[in-house]
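In order, the protein sequence lines correspond to chains A and B. Position 63 (the first sequence) corresponds to 63 in the working numbering; numbering is contiguous. Each number in the working numbering corresponds to the 1-based position in the second sequence with 115 added.
There's no promise every hint is true.
Think about it this way: if two alpha-carbon atoms lie no more than 25 Å apart in a straight line, the pair counts; the simulated BS3-like pairs of lysine-lysine are [said to hold, decoys possible]: (1) B:Lys192 <-> B:Lys137; (2) B:Lys173 <-> B:Lys192; (3) B:Lys164 <-> B:Lys184; (4) B:Lys184 <-> B:Lys173; (5) B:Lys137 <-> B:Lys173; (6) B:Lys192 <-> A:Lys57; (7) B:Lys164 <-> A:Lys1; (8) B:Lys184 <-> B:Lys137; (9) A:Lys1 <-> B:Lys173.
These are computed hints drawn from the structure, not numbers from a lab.
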Amino acid sequence: KAGVTQTPRYLIKTRGQQVTLSCSPISGHRSVSWYQQTPGQGLQFLFEYFSETQRNKGNFPGRFSGRQFSNSRSEMNVSTLELGDSALYLCASRIESSSYNSPLHFGNGTRLTVT
Amino acid sequence: AQSVAQPEDQVNVAEGNPLTVKCTYSVSGNPYLFWYVQYPNRGLQFLLKYITGDNLVKGSYGFEAEFNKSQTSFHLKKPSALVSDSALYFCAVRDNGNYGQNFVFGPGTRLSVLP
Chain A
1 KAGVTQTPRY LIKTRGQQVT LSCSPISGHR SVSWYQQTPG QGLQFLFEYF
51 SETQRNKGNF PGRFSGRQFS NSRSEMNVST LELGDSALYL CASRIESSSY
101 NSPLHFGNGT RLTVT
Chain B
116 AQSVAQPEDQ VNVAEGNPLT VKCTYSVSGN PYLFWYVQYP NRGLQFLLKY
166 ITGDNLVKGS YGFEAEFNKS QTSFHLKKPS ALVSDSALYF CAVRDNGNYG
216 QNFVFGPGTR LSVLP
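For reference, chain A alone in the conformation it holds in the complex:
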């Protein structure tokens, strides 16, 4: 079974631009979460989507947005990029079950550099 796929792996953007990152979850996984990882702040939760609906949201400004499609693929968008948005963006999927104890499965991330 293929794992979580994130594209692109690397991105270099300029301040003020916008960027879209893509995530394809493991087949059958309907929950997709996004995390930002930086050396100073660690792993910070951005948002989670389930069945095309945002279920949870972290404490990030409105410049960060996401969506999920009917095939569970997800995109996140960052508008008006700032230098501080440079980070590794990780997508994770999980299978939903009645006991909701299944782990997250992560992709290898998109490394975004804002110059």
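For chain A, the structure is supplied; the task is to place chain B on it using the hints.
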């Protein structure tokens, strides 16, 4: 609110010696606990989880973790460390009384296994 602490930024251990990476947590309900490992330029890989039952949980690559409810801890252990175990380790918690709640990750502990 949920929280996870990993009191050590860095753990150094000699190859062949036992290793312990510490984790303490706080949740309002009963916890679901997870350990993940991250190698350079990769996403997080799931190692093991505690849901209920035996306090000693066995996982991938010879790792195990001990759940201690009274100390609210979930320390990761391995009887004999390998150089290839050198990586960044994250503990995570999810409150099982709150369906749809996101995972909360600790700040990470960098493990260095010295040959």
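*Could you tell me which of the hints above the structure violates, numbers in ascending order?*
Violated: hint 6 alone.
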